[in-house]
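Throughout the sequence shown, residue numbering follows this note's numbering, covering 1 to 268 in sequence.
If you are wondering where the hints come from, they were derived from the structure by calculation, not from laboratory data. All C-beta atoms in this analysis are idealised placements derived from N, C-alpha and C, irrespective of residue type, glycine included. Misleading hints may appear alongside valid ones.
Using 20 Å as the maximum straight-line C-alpha spacing, the simulated EDC-like pairs for lysine to aspartate or glutamate come out as follows [what the hints assert, rightly or not]:
| id | residue 1 | residue 2 |
| --- | --- | --- |
| 1 | K135 | E191 |
| 2 | K188 | E225 |
| 3 | K141 | D166 |
| 4 | K141 | D206 |
| 5 | K91 | E53 |
| 6 | K141 | D50 |
| 7 | K91 | D50 |
| 8 | K135 | D179 |
| 9 | K135 | E162 |
| 10 | K188 | D169 |
| 11 | K91 | E127 |
| 12 | K158 | E127 |
| 13 | K8 | E53 |
Cβ pair distances, simulated, as ranges [what the hints assert, rightly or not]:
| id | residue 1 | residue 2 | range |
| --- | --- | --- | --- |
| 14 | A203 | S113 | 33 to 41 Å |
| 15 | G72 | M246 | 18 to 26 Å |
| 16 | R189 | T11 | 54 to 62 Å |
| 17 | A131 | R234 | 37 to 45 Å |
| 18 | T6 | R189 | 21 to 29 Å |
| 19 | A92 | A134 | 40 to 48 Å |
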Amino acid sequence: MRAFVTLKFMTDEGIEGIGVTFAPGLGLSPLASALGSIVEALCGLAEGEDPMEIESVMQGLRQKTRGSGPGGLLTLAMSPVDMALWDIKGKALNQSVWSLLGGYRKRVPTYASGALMRPMNLEQLAEIGPALAAKGFRQMKSQMGAENTPDKEVLRMKTLREAVGDDIDIMCDINQLWDVNQATTIGKRVEEYNLFWLEDVVAHDDYQGLARVADSLVTPIAAGEYVYGINPFRQLIENRSIDIVMIDLLRVGGITEWRKVAGMAEAF
1 MRAFVTLKFM TDEGIEGIGV TFAPGLGLSP LASALGSIVE ALCGLAEGED
51 PMEIESVMQG LRQKTRGSGP GGLLTLAMSP VDMALWDIKG KALNQSVWSL
101 LGGYRKRVPT YASGALMRPM NLEQLAEIGP ALAAKGFRQM KSQMGAENTP
151 DKEVLRMKTL REAVGDDIDI MCDINQLWDV NQATTIGKRV EEYNLFWLED
201 VVAHDDYQGL ARVADSLVTP IAAGEYVYGI NPFRQLIENR SIDIVMIDLL
251 RVGGITEWRK VAGMAEAF
């Protein structure tokens, strides 16, 4: 369960910026309520600042709160403030945020996510995979990490690949459920099914372990969704721990920090 917090930030000229964040896995607990309180406090600290100077505002907030972060609820609370500032800037300039960021693509590929879940049996995988392809999805993401033997894990990928054929890209999310040995052993066995990537194969902060897995497998390794702030991405990228950088907009600290990680990734 996720408890969402929506921020509406109003300028003295009447321009409203909207941001959103969530407390992952916390439901409606006191910690989720605390997230809303932190967002409110950050807005108070940013009051009176020029919303067009986004980097300056966010740097100021990080300086004022450096004793409490980075990471965790503080970073999750920073993100909607940053998001709202970008929204305000876009509205003030009559430009989309996409345009402000220098976007040039008219179309972007998408993949089906959340449809091929871990609890599904083989029959369900064989049924839902082709159904997604029939809807026009050329890429789809499944999950592994729940089976009690490597053979069963491999059978899931075999079943899905045979069901959708070779022209569909299959990604697989482990959600940090394997250790390094499992990741390398099972990863090698599923290479014959030509997966597009293996995602979050081990704990997100096991940089050396991720590097060992990435070095051992042909299949690209994706990670970064669970990483807070920008500094850990430097370690992941410099250590060659990942092949595909996945940035969670809220955990990284918002659009401003997301752009910085994207620049790091491009350099490699």
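Hint check:
no.	hint	verdict
1	K135 with E191	26 Å, violated
2	K188 with E225	23 Å, violated
3	K141 with D166	15 Å, holds
4	K141 with D206	23 Å, violated
5	K91 with E53	14 Å, holds
6	K141 with D50	42 Å, violated
7	K91 with D50	14 Å, holds
8	K135 with D179	35 Å, violated
9	K135 with E162	18 Å, holds
10	K188 with D169	18 Å, holds
11	K91 with E127	45 Å, violated
12	K158 with E127	14 Å, holds
13	K8 with E53	18 Å, holds
14	A203 with S113: 33 to 41 Å	21 Å, violated
15	G72 with M246: 18 to 26 Å	19 Å, holds
16	R189 with T11: 54 to 62 Å	56 Å, holds
17	A131 with R234: 37 to 45 Å	41 Å, holds
18	T6 with R189: 21 to 29 Å	44 Å, violated
19	A92 with A134: 40 to 48 Å	44 Å, holds
Hint compliance for this structure: hints 1, 2, 4, 6, 8, 11, 14, 18 are broken, all remaining hints hold.
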